[in-house]
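Protein chains in written order, with this note's numbering: chain A, -7 to 93; chain B, -7 to 93.
Wrong hints could be hidden among the right ones.
A pair counts as met if it fits within one copy or between any two copies, since identical chains are not told apart.
[Unchecked claim] Under the rule of at most 20 Å between Cα atoms (straight-line distance), these lysine to any residue pairs were calculated in the SDA-like manner: (1) Lys49 with Ala10; (2) Lys49 with Thr6; (3) Lys41 with Pro31.
Just so you know, these hints were derived from the structure itself, not from any lab. Values in this document were obtained by computation on a predicted structure and should not be read as measured data.
Protein chains: 2
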Amino acid sequence: MEPHEPDLTAVPVTSVLAALADDVRLQIVRALADGSESPCGSFDFGVSKATRSHHLKVLREAGLTRTRAAGTSRLVRLRRDELDQLYPGLLDAVLAQRPPA
Amino acid sequence: MEPHEPDLTAVPVTSVLAALADDVRLQIVRALADGSESPCGSFDFGVSKATRSHHLKVLREAGLTRTRAAGTSRLVRLRRDELDQLYPGLLDAVLAQRPPA
DNA sequence: GGTGTTGTTCGATGATTGTCGAACAAGGGT
DNA sequence: ACCCTTGTTCGACAATCATCGAACAACACC
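Produce the complete structure using the sequences and hints provided.
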């Protein structure tokens, strides 16, 4: 099954923003902000794996992440280059705000 | 009635993003991007005035706009300085993307 | 082949949200 | 005082969404 990763320019801005406007998804994006490639299972933020899978799908279909299969795992990474090119400053601005200590 | 304009630092990032993640609200923000101060009624984007009032409330409570009374009108303006300081690049990134011609 | 691990998909459910018309409130003008 | 303009608030309604457990699929390993 093709992972359905859209061309970022074809995704409406509102969809990108909506994808980022969720606490769980924002934590996932933060975890990927260093450019690392992580398996889905590594994003354990207190939700079930069904919910996690749902959030990863939202991020992927909003053009924020790419996913590739690796054995039984799927490795997720942030499409930072494309995002920074199309929306310069957006990711930095969003990621800069750390959760209150 | 106090217009309930929160301290921007007290608003969660997700709320700011959620406020921007709507087409009507994004059009309002675009209309205010030049720093102008406009009455609520000037934002005629094909929704009823009840809906428009609702969207303006969402923007205000997300810390994106300020409102002041002026006669029977209410003038709305973007809190651009504060936004640019707390989320540098965010507004620019979002506003740069013009709807595809 | 069987078992375990890793994710996805499928309803279902409760909460949130965008939308509207109608009613209401506050001002300005005549 | 009356009316008109401008906005807000109040239900109500439909749609979307975040969440879950259970079932399913793909792969690795013994």
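Results of checking the hints against the structure:
| no. | hint | in the structure |
| --- | --- | --- |
| 1 | Lys49 with Ala10 | both (13 Å within a copy, 18 Å between copies) |
| 2 | Lys49 with Thr6 | both (16 Å within a copy, 18 Å between copies) |
| 3 | Lys41 with Pro31 | within (12 Å within a copy, 47 Å between copies) |
Checked against the numbered hints given earlier, the structure satisfies every one of them.
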